[in-house]
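Asker: Use these hints to put chain V onto chain P, whose structure you have.
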Amino acid sequence: MKMPVAAVALLAASALGSGCKHESRDLRPTEAVSKAGGGVVLSTLFAGGVPGAIAGTLQANQENAYAMNEGKRLFDAYNCSGCHAHGGGGIGPALMDAKWIYGSAPQNVYATIVEGRPNGMPSFRGKLPDFQVAQLVAYVRSMSGLAGGLWAPGRNDSMQVKPGENTVTMQSPVRAEGAPPP
Amino acid sequence: MHVAVTHGCRREVNSAPLQSRSRTVQRGTAGCALLLLALAGCQRSAAAASTDPTGEWPMVGKDYQNRRFSELDQIATANVSKLKVAWTFSTGIPKGHEGAPLIVGDMMYLVTPFPNRAYAFDLRNPGGPPKWSYEPQPSAAAQGVACCDVVNRGPAFWQGKLYFNTLDGQTVAVDTATGKEAWRTRLAEINQGESMTMAPLVVKGKVLVGNSGGEFGVRGWLAALNAASGKLLWRAYSTGSDADCLIGPDFHPFYAHDRGRDLGIHTWPPDHWRQGGGTVWGFVSYDPTLDLIYYGTANPGVWNPEMRPGDNKWTAGIFARRPEDGRAVWFYQWSAHDLYDHDGINENVLVDLPMGGRTRAVLGHADRNGYFYLLDRATGEVVSAKPFATVNSSHGVDGKTGRLIPAEEKKPRQGRVVRNVCPAAPGAKDWQPMAFSPQTGWFYIPHNNLCEDIEGVDASYIAGTPYIGVNVRYHAGPGGNRGAFTAWDPVAGKAVWTVSETFPAWSGALATAGGLVFYGDMEGWFKALDARTGVLLWKFQTGSGVIGQPISYRGPDGKQYVAVFSGVGGWAGSVVSGDLDTRDATASNGWGDVMKDLKGRTSKGGTLYVFALP
Numbered sequence: 001m002k003m004p005v006a007a008v009a010l011l012a013a014s015a016l017g018s019g020c021k022h023e024s025r026d027l028r029p030t031e032a033v034s035k036a037g038g039g040v041v042l043s044t045l046f047a048g049g050v051p052g053a054i055a056g057t058l059q060a061n062q063e064n065a066y067a068m069n070e071g072k073r074l075f076d077a078y079n080c081s082g083c084h085a086h087g088g089g090g091i092g093p094a095l096m097d098a099k100w101i102y103g104s105a106p107q108n109v110y111a112t113i114v115e116g117r118p119n120g121m122p123s124f125r126g127k128l129p130d131f132q133v134a135q136l137v138a139y140v141r142s143m144s145g146l147a148g149g150l151w152a153p154g155r156n157d158s159m160q161v162k163p164g165e166n167t168v169t170m171q172s173p174v175r176a177e178g179a180p181p182p
Numbered sequence: 183m184h185v186a187v188t189h190g191c192r193r194e195v196n197s198a199p200l201q202s203r204s205r206t207v208q209r210g211t212a213g214c215a216l217l218l219l220a221l222a223g224c225q226r227s228a229a230a231a232s233t234d235p236t237g238e239w240p241m242v243g244k245d246y247q248n249r250r251f252s253e254l255d256q257i258a259t260a261n262v263s264k265l266k267v268a269w270t271f272s273t274g275i276p277k278g279h280e281g282a283p284l285i286v287g288d289m290m291y292l293v294t295p296f297p298n299r300a301y302a303f304d305l306r307n308p309g310g311p312p313k314w315s316y317e318p319q320p321s322a323a324a325q326g327v328a329c330c331d332v333v334n335r336g337p338a339f340w341q342g343k344l345y346f347n348t349l350d351g352q353t354v355a356v357d358t359a360t361g362k363e364a365w366r367t368r369l370a371e372i373n374q375g376e377s378m379t380m381a382p383l384v385v386k387g388k389v390l391v392g393n394s395g396g397e398f399g400v401r402g403w404l405a406a407l408n409a410a411s412g413k414l415l416w417r418a419y420s421t422g423s424d425a426d427c428l429i430g431p432d433f434h435p436f437y438a439h440d441r442g443r444d445l446g447i448h449t450w451p452p453d454h455w456r457q458g459g460g461t462v463w464g465f466v467s468y469d470p471t472l473d474l475i476y477y478g479t480a481n482p483g484v485w486n487p488e489m490r491p492g493d494n495k496w497t498a499g500i501f502a503r504r505p506e507d508g509r510a511v512w513f514y515q516w517s518a519h520d521l522y523d524h525d526g527i528n529e530n531v532l533v534d535l536p537m538g539g540r541t542r543a544v545l546g547h548a549d550r551n552g553y554f555y556l557l558d559r560a561t562g563e564v565v566s567a568k569p570f571a572t573v574n575s576s577h578g579v580d581g582k583t584g585r586l587i588p589a590e591e592k593k594p595r596q597g598r599v600v601r602n603v604c605p606a607a608p609g610a611k612d613w614q615p616m617a618f619s620p621q622t623g624w625f626y627i628p629h630n631n632l633c634e635d636i637e638g639v640d641a642s643y644i645a646g647t648p649y650i651g652v653n654v655r656y657h658a659g660p661g662g663n664r665g666a667f668t669a670w671d672p673v674a675g676k677a678v679w680t681v682s683e684t685f686p687a688w689s690g691a692l693a694t695a696g697g698l699v700f701y702g703d704m705e706g707w708f709k710a711l712d713a714r715t716g717v718l719l720w721k722f723q724t725g726s727g728v729i730g731q732p733i734s735y736r737g738p739d740g741k742q743y744v745a746v747f748s749g750v751g752g753w754a755g756s757v758v759s760g761d762l763d764t765r766d767a768t769a770s771n772g773w774g775d776v777m778k779d780l781k782g783r784t785s786k787g788g789t790l791y792v793f794a795l796p
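Protein chains in written order, with the working numbering: chain P, 1 to 182; chain V, 183 to 796.
Chain P on its own, in the form it takes in the complex (with noise of 0.2 Å):
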């Protein structure tokens, strides 16, 4: 089978655009997402224009690995495996499973890493700079396979204890009971 040359390198020059892109690594955050994480906006109308890249940085962590593997080395630096364990829960809910009681969306699991959660979960508003917390969401959303296999990590560094995020079926989001109403 023959194929123009043109068209090899078309293809060619797609994957590698795409396949860099989930490999991109942000070494140098910006100032807008380096600032303590101080809130995500619900809504698509801003009062006095659009506000800072959050928003985008949390859309474009969701395809990208080194994001997911970031979020991976904090969520065990920040202690959310003291609470969560490695998916499985303890202190906090499972983070692997299905359920999630305050909505699986990027912007509601960054809500709940910075605002606090009325339960139990600690508010870290302040405390983290926003491009972490949105590496953060990238992971958590890549423990139940939101993220897909594409992406998510594979193995631990340490102890093999669960199956990699990146063989986990995605699980589709439900509310768990005792959710607050959508």
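Worth flagging that the hints you see were computed from the coordinates, not collected in a lab. Every value quoted in this text rests on a predicted model; they were computed, and no experiment measured them. A hint or two may mislead.
Result set (DSS-like, lysine-lysine): computed pairs, CA atoms no more than 27 Å apart in a straight line [unchecked claim]:
# : chain 1 : residue 1 : chain 2 : residue 2
1 : P       : Lys99     : V       : Lys786
2 : V       : Lys781    : P       : Lys99
3 : V       : Lys778    : P       : Lys99
4 : V       : Lys741    : V       : Lys313
Answerer: Frame of chain P, contents of chain V only:
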């Protein structure tokens, strides 16, 4: 003379006033006979003074010695098979119920897990609605610093008030006549990771309470509050300076390595004592003759032992203190430089045993590290320490120094998985309190049979969040059963009989003069065994796993009752009560894989069950 002794003895040990008029009449001659029995009990030994003939259950451990032995014998080996439910009460809370009801006069008092509601029931109307209920309304955020489900281990009663702790760190006093709050005192701070789950003990008008939060790098303490006003009288920390630990000239620990200045600072890396743990969430005992209170201190802060070289005093040990001002008299460390989250908080049961031709005043203690200790109550000397479960993480207790001898190859290491360490972090026995029967002279120990794989990892201290630094996963110990119920002969230092349990035996034990022992399993069966043989005589399916503390009492109708909370949860049961995902073996710090079948065997829900003969 005898009467005076007895009187003092009664006043000291069971301060609960007799509230019942009708019952005094009903009791008649039987009451007189029982009173004589009590006299005899007091004369025999001051330490056994709390022999309580009234059929009350005035404190969670029944008496100051924490024996959990009921003198009642209507329900006995011959008729226990006819035991039936008399009445029940749903708490409406789907979390772990580790508490015990109290019986004082004609009343029963309960405290639920978070949100820590208190209820009073008039036993003259069994099955009737609560006489009153009281809601302390603790902060919901406290659930985020409760390491092991939002449990509460019960209230205390003294002179017309009910005392209990709220998860968010308050001690509350409620007037038992009206159900109205008398006072509340905030002692713990959830933003430091502190919570409160233990059952208070009232000694000489002082409410003794301690904190929880050993998984959050808190500093442990025991505090005494004025029972009338709630005013803080003293607080003894488990780490830090001698002044903070109320260690002074009266402190005479038995072993030389426990002597020296400010060991609560110098046995730690610089400043680590500030996050050093040593919380006080177990049961407190009291010996009125020696005038000493006894309690254990929990694991040192950050589980990862390589982050805290040193003996880490005064964690994972036992203090004997004066109730008056809290000053320490002696200390013994079950696990110096604890390697495995082996809290030393397990209850200390005060008994006098015939040993070596004389009667010794000792305390019995089945530690998480797998050894059953007898300690001299006056001095803290180790009289004996024998393994009551599978132990490969240590080679015994050194007879000269009293120190546990760790097994080098089982020490946790940073970045390396050490496999098959027995016992696991929850220990050979966790909080679940044992009973002692003076009829057999044996202890009845509900316990675990668990080993673990453990790996040290980095931990960051962030106040109000967990401070652990290990990955752990548990598995069943030799035999494949995850729990057991053992009758232990303390003098011989060996098990008399052992019953295997599928799951960890996470409920308390009760021994009765009817020759019975009671406990529950995590599948919901509440069981009565022959205390001498261990033969199962009766069981009842309560609907949810039993992790409560069973009690027995005589009702106003003169009948003997047995009561227990059903309601799975706690650390071991959080797989069910917390809806955990068991694909993660480390769920709830190690329970995920080993308890994965519990979800199919029981379900959530708290109910008090009261049983009686038809």
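Asker: Indicate, hint by hint, whether the structure satisfies it.
Answerer: Hint check:
1. Lys99/P x Lys786/V: 18 Å, holds
2. Lys781/V x Lys99/P: 16 Å, holds
3. Lys778/V x Lys99/P: 18 Å, holds
4. Lys741/V x Lys313/V: Distance ~21 Å between lysine 741/V and lysine 313/V Cα, so the pair holds.
Checked against the numbered hints given earlier, this structure breaks none of them.
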